[in-house]
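With chain L's structure known, arrange chain E on it following the hints.
Here is how the chains run, residue by residue.
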Amino acid sequence: MTGMQVVWTLIKILVMLAVVVNLAAILTWYDRRGSAMMQDRVGPNRAVFKLFGQEIRLAGLLHPAADGIKFFTKEDFLPPKADKLLFGIAPILAVASVLALVATIPFADTVCPNSLWRTVTRDGGPMTIFPAVQRFGSCVADPKNGVFPIEMSVAALNVGILYVFAIAGQGIIGAAIAGWSSDNKFSLMGALRAASQMVSYEVTLGMSLIGAMMVYGSVRLDDMVRWQGENAWGIFVQPLAFFLFFASSVAETKRIPFDCPEAESELVSGYFTEYSGMKFGMFYLAEYMEVVTSSMLLVTIFLGGWQVPFIHRDGITLELGAMRFAHLALPHIWMTILGALVFFGKVILMCWLQAFVRWSLPRFRYDQLMRLGWKILLPASLANILVTGTVTLAIDKAGPAASDALRLAGHITQAFVAVVVIYYVGRVVVGMFGRRPKDRFVVGSSADQANSAGGTTSSPMQA
Amino acid sequence: MRSAIAIMNTTFPKKQSQAKVAPVPRVAHDFREKSYLPEILAGVGVSMKHFFTNTKDMLKGQRPDPVMERLDEGISTISYPEQKRPYPERFRGIHRLTLREDNSPRCVACLCCSTACPAQCIFIEAGEYPEGDKRRGYERFPVKFVIDELRCIFCGYCVEACPCDAIRMDTGKHAVPYDSRDQFIYGKELLMAFEGRDGTHATENPRHEPGEATHPGIDRDHSHH
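Chains as they are written, first to last, in numbering that gives the first Met the number 0: chain L, 0 to 462; chain E, 0 to 224.
Treat the hints as calculated values from the structure; they're not laboratory data. Careful: at least some of the hints might be erroneous.
Said to hold, decoys possible - Going by beta-carbon spacing under 8 Å, a handful of chain E positions derived as facing chain L: (1) Gly42; (2) Val43; (3) Asn53; (4) Gln61; (5) Pro65; (6) Met67; (7) Arg69; (8) Ser78; (9) Pro85; (10) Arg99; (11) Leu149; (12) Arg150; (13) Ile152; (14) Cys154.
What the hints assert, rightly or not - Chain E is nowhere near these chain L residues, computed Cβ spacing over 12 Å in every case: (15) Gly33; (16) Phe51; (17) Leu61; (18) Gly123; (19) Tyr162; (20) Asn183; (21) Gly320; (22) Thr387.
Said to hold, decoys possible - Pairwise CB distance ranges (calculated): (23) Ala65(L) - His28(E): 40 to 46 Å; (24) Pro24(E) - Gln169(L): 43 to 49 Å; (25) Leu70(E) - Gly67(L): 49 to 55 Å; (26) Tyr422(L) - Arg31(E): 21 to 27 Å.
Each residue gets a CB set at the ideal place from its N, CA and C atoms; glycine is no exception.
This is chain L alone, in the form it adopts within the complex (with noise of 0.2 Å):
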């Protein structure tokens, strides 16, 4: 391992833990500022910074940094029977898990460092270029000449997705133990619950994607990924699998509507109700960085990772089928930043959706949970495993001409993507302007005295 190579790592390694870490403490901004956008309230708003004498309220993101502060400075409460050591390494196990399960997952293609940018003689002086790669085979290690391609994960381990699994079964560990040792019947029952409720679904969550790996042919993360951009993204290709693997991931984060471990209204709160503090608060944030980490997992899996439609590694190609259109080679280190930049856009996106499921289900009863795991989800996936390989053989039998159709197919799910996110974003685009129509007085003497009055005194914190 080189010096540079420990310089990149460096670098992966924080742009990974400051997007988890910050992405979580935003999805805690998010979670209470969209559900009041969601059900017609004004949210959080009231943490103020005091400036120059202006107030900055930045429309309530200033709470998650008032949650730390309070996190850190109330009493770390511990229950009197608890065991002391277990107590206090749960929400460790919890937050570590999620951590080391972010190491696996690609955040952009690899990068050949030696083509980022080159220093050439031109013109009689030295200018710097930024030079553009291959699509295919650029980039092989050439230890002589000192190439190493630098692959765009912590770690780019080859059993990718199975240590993804192993790490995310982890997390139910944390979960058990908080329970089990903070002395607490409520404790207790919700940690029994989790247990449960995570191994029933870690099955679904594994076996939904046996089929994505028999299409990908490999379970290495980024392999995933760039098979996807080069035929069709994981959601055309296992819909099915890509809608299990969403529901049990959510399972796993323990959200609505998978909450029975904390079940406000039956367990306090469940596996964590002794804890406060910074201790509470990890439990906390692991949640939510369980979030992050399942969305990155969906973008990676199914949602195409870094790739945008009909953009690789050397540029935008316009193809379908065997035709090719229109090619324009474009530098590699703007195809690095676009990728990860794509990447944590389709994370956020996806952390968005989540909320949306979060705010408007209600939760399952107990019963109802393993009936839709082990008897719906479950067979379901199995069922999806059996098609796929049924598929998978045929066309392998099928020839060429059967590839070539599948591949006019991809570019044309390809296509159908680009179309849909350039109508959805120009719907809001375009919702943005115009104006609801608001004529309907209330009748009433308070109504008459706000009107008189021009209005109800107008809010400084409107947004």
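Just chain E now, with coordinates in the frame of chain L:
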């Protein structure tokens, strides 16, 4: 299910005649509802509709007026300390003593209000006008006029009982939360200092002083005694 009922009937034959348990018919779900997914998407769609319209309103500062358009779609929260809902016109707030043109209270210390008060929160000490005052013999005046606002139930009987329109509850203010109980005991000067909603100390009803031409009824000059 049917066989279970049959067993129950044979074991407890009396229950057949007096079936107290009414079976609740189960709602039939079709496949679409049972498979969750379309219903979930519909629910998420409703959330999204609210999310986008409300976010747009907040970003553009166009959210409905919380008082005038309170029944409209959208966020109609009153951000309390900054925004306040005006109290209705007939809201009974804390009391005030209305004033005559010479800024003395209109109250004639007849004790009607303190008699009518079900909470007995009004204390009036009546005083006679000095010898030679043209009001002497016609009216008295309150030396002390004290209302315990903690004891008051804001029923408004004092206002109805007052023959002189001297006490009113149209300040549009509610009792302020103080630190100690003695601060809730409002004296005459404080009650006289409060303004009505229109910002004046006067009332609509004109006051006719003894000796004026408009003074109704008998006075000293037209006394038959």
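Do the hints match the structure? See the list:
1. Gly42: 4 Å, holds
2. Val43: 5 Å, holds
3. Asn53: 4 Å, holds
4. Gln61: 6 Å, holds
5. Pro65: 6 Å, holds
6. Met67: 5 Å, holds
7. Arg69: 6 Å, holds
8. Ser78: Status holds, d = 4 Å.
9. Pro85: With Cβ-Cβ at 4 Å, under 8 Å, it holds.
10. Arg99: 28 Å, violated
11. Leu149: 26 Å, violated
12. Arg150: Given a least distance of 28 Å, the restraint on Arg150(E) is violated.
13. Ile152: 22 Å, violated
14. Cys154: Given a least distance of 20 Å, the restraint on Cys154(E) is violated.
15. Gly33: Given a closest Cβ separation of 7 Å, the condition is violated.
16. Phe51: 21 Å, holds
17. Leu61: Per Cβ check, Leu61(L) is outside 12 Å of chain E; nearest 17 Å; holds.
18. Gly123: The claim holds: Gly123(L) sits with its nearest Cβ about 53 Å from chain E, beyond 12 Å.
19. Tyr162: 31 Å, holds
20. Asn183: 33 Å, holds
21. Gly320: Consistent with the label, Gly320(L) stays out of reach of chain E, its closest Cβ about 32 Å off (over 12 Å).
22. Thr387: 20 Å, holds
23. Ala65(L) - His28(E): 40 to 46 Å: Holds, since Ala65(L) and His28(E) (Cβ atoms, about 45 Å apart) stay within the stated range.
24. Pro24(E) - Gln169(L): 43 to 49 Å: 47 Å, holds
25. Leu70(E) - Gly67(L): 49 to 55 Å: 39 Å, violated
26. Tyr422(L) - Arg31(E): 21 to 27 Å: Cβ of Tyr422(L) to Cβ of Arg31(E): about 26 Å, so the range 21 to 27 Å holds.
Checked against the numbered hints listed earlier, the structure breaks hints 10, 11, 12, 13, 14, 15, 25; every other hint is satisfied.
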